[in-house]
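Following the hints, put chain B in place on chain A, whose structure we already have.
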Amino acid sequence: QKEVEQNSGPLSVPEGAIASLNCTYSDRGSQSFFWYRQYSGKSPELIMSIYSNGDKEDGRFTAQLNKASQYVSLLIRDSQPSDSATYLCAVLDIHNFNKFYFGSGTKLNVKP
Amino acid sequence: EPEVTQTPSHQVTQMGQEVILRCVPISNHLYFYWYRQILGQKVEFLVSFYNNEISEKSEIFDDQFSVERPDGSNFTLKIRSTKLEDSAMYFCATRLSLGDEKLFFGSGTQLSVL
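Taken in order, these protein sequences are the chains called A and B.
Residues 32 to 143 (the numbering used here) are what the first sequence spells out, left to right.
Residues 78 to 191 (the numbering used here) are what the second sequence spells out, left to right.
The shape of chain A in the complex, shown without the other chains (with noise of 0.2 Å):
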């Protein structure tokens, strides 16, 4: 049973402040790593992906990725209250390119 593991958080910081949400993963062979944002009652939204250990910078946000530990982060730099919204991880089936695996995601509030 692959799994992928997220703190439901909800995570709450400031606004300007760094957020730093967390996920794990079953399937130690897993290749492709995602981070969805999702607003409350909309379909997520794509935001992130990575592939290789270490950092990939996208603007404000910042995908971690560490193989050996079977772990991903997200950082999100400068919160803003429009940042507030669960955060999706997702990883690809190594076996199957066709399924994605989800966490149960985690809750941000950014407050102003």
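Using C-beta positions, here's what the derived DEER-type ranges look like:
| id | chain 1 | residue 1 | chain 2 | residue 2 | range |
| --- | --- | --- | --- | --- | --- |
| 1 | A | N38 | B | I137 | 20 to 26 Å |
| 2 | B | V89 | A | A99 | 44 to 50 Å |
| 3 | B | L161 | A | G72 | 16 to 22 Å |
| 4 | A | Q62 | B | Q94 | 40 to 46 Å |
| 5 | A | S39 | B | E133 | 25 to 31 Å |
| 6 | B | K134 | A | S63 | 20 to 26 Å |
| 7 | B | D148 | A | R59 | 42 to 48 Å |
| 8 | B | R146 | A | K142 | 42 to 48 Å |
| 9 | B | S189 | A | K142 | 28 to 34 Å |
| 10 | A | N84 | B | S189 | 42 to 48 Å |
Selected chain B positions facing chain A (Cβ under 8 Å, derived; list incomplete):
| id | residue |
| --- | --- |
| 11 | Y108 |
| 12 | K119 |
| 13 | S184 |
Worth flagging that the hints you see were computed from the coordinates, not collected in a lab.
Treat the numbers as computed from the prediction; the structure is a model and nothing was measured.
Just so it is clear, CB atoms sit at the ideal spot from N, CA and C, and this is done for glycine as well.
Chain B alone, transformed into the frame defined by chain A:
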């Protein structure tokens, strides 16, 4: 930006009734998916569809569920005899190719089974 369109946005039905959820994929995308999300829970894979046939389905996708692409544009999910536990948000998602890992999600259909 191209988008995946789903209809209806909300569907209320009585237990035991059949429902059909509709999706119009992005025009050049080849892979289609249905996911569901029970309130407060994970986005769960139901089924993937490629080249007019199911390529993968989950344990949730039992004989009560079916998918088809009847006219080359719409991609439908049918639930033959709905149960209370089918109440969820159903998302259609599409993907250009296996080499492109970006999933585009539709806005979802909220299904309520009474």
